[in-house]
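Engineer: Read in order, the letters of the sequence shown are residues 1 to 184 in my numbering.
A hint or two may mislead.
As the list claims (entries may be wrong) - Below, in silico cross-link-like pairs of lysine to aspartate or glutamate (EDC-like), each with a Cα-Cα straight-line distance of 16 Å or less:
#1 Lys47 <-> Glu2
#2 Lys178 <-> Glu156
#3 Lys56 <-> Glu13
#4 Lys58 <-> Asp116
#5 Lys146 <-> Asp116
Since the hints were derived computationally from the structure, they do not count as laboratory data.
The structure presented is a predicted model; accordingly, all values stated were derived computationally and were not measured.
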Amino acid sequence: MEEGLEAGLSVNEIGELCVQSYAYVGFPRSLLAEGVLTSIVKEADEKGKELEWGEKAKEVPSDLEKYEYGREKINSLFGRNAKQSRPVSTDYNSSTDIFLKEHLFTDIFYRGVLSDKERELSTATMLASLGNVNPMFTSHTQGAFKNGNSKEELEEMALIVGKLIGKKEGRNAENIVKQVTGAK
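Kindly produce the complete structure, drawing on both the sequences and the hints.
Structural biologist: In structure tokens form, the structure reads like this:
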């Protein structure tokens, strides 16, 4: 996080990455990350160091049709048709679909601060780091590529995962990036 701040990320951008991470790697990791960011901000305050706060997150308007917004966000991110009818049954599958569209792709993505390009790259990186989630990792790598991340940026992400997380995860990320970008 300190390296990110030094490289020009704002406190709110890093904070938004923490918010984004809970949906993909879980609340415990997200909360720990937020705690680290809070410590960094507190230490900077104590030292009188100015930090760039950046854009504040937007709130979702109460009159926004969240399910429809989430479907359209999925369509724009992945180029897929997420226009299926809202599930009628109340089983777990329907609930997950509603949470996915109304919460993840509306409540979180609507907030701004990060672009879709940045959100998709960070999500792909998180999923690559987890391992054993290739369907989701592939989908979000496609989303990252579709939303403006270059082949070179995705290759760099795979290298970073290999260096910081593990060789196995890095090789897997490299293979998925090659599949997605058509690289040889």
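Engineer: Enumerate the violated hints, using their earlier numbering and listing them in ascending order.
Structural biologist: Of the numbered hints given earlier, the structure breaks none, since each of them holds.
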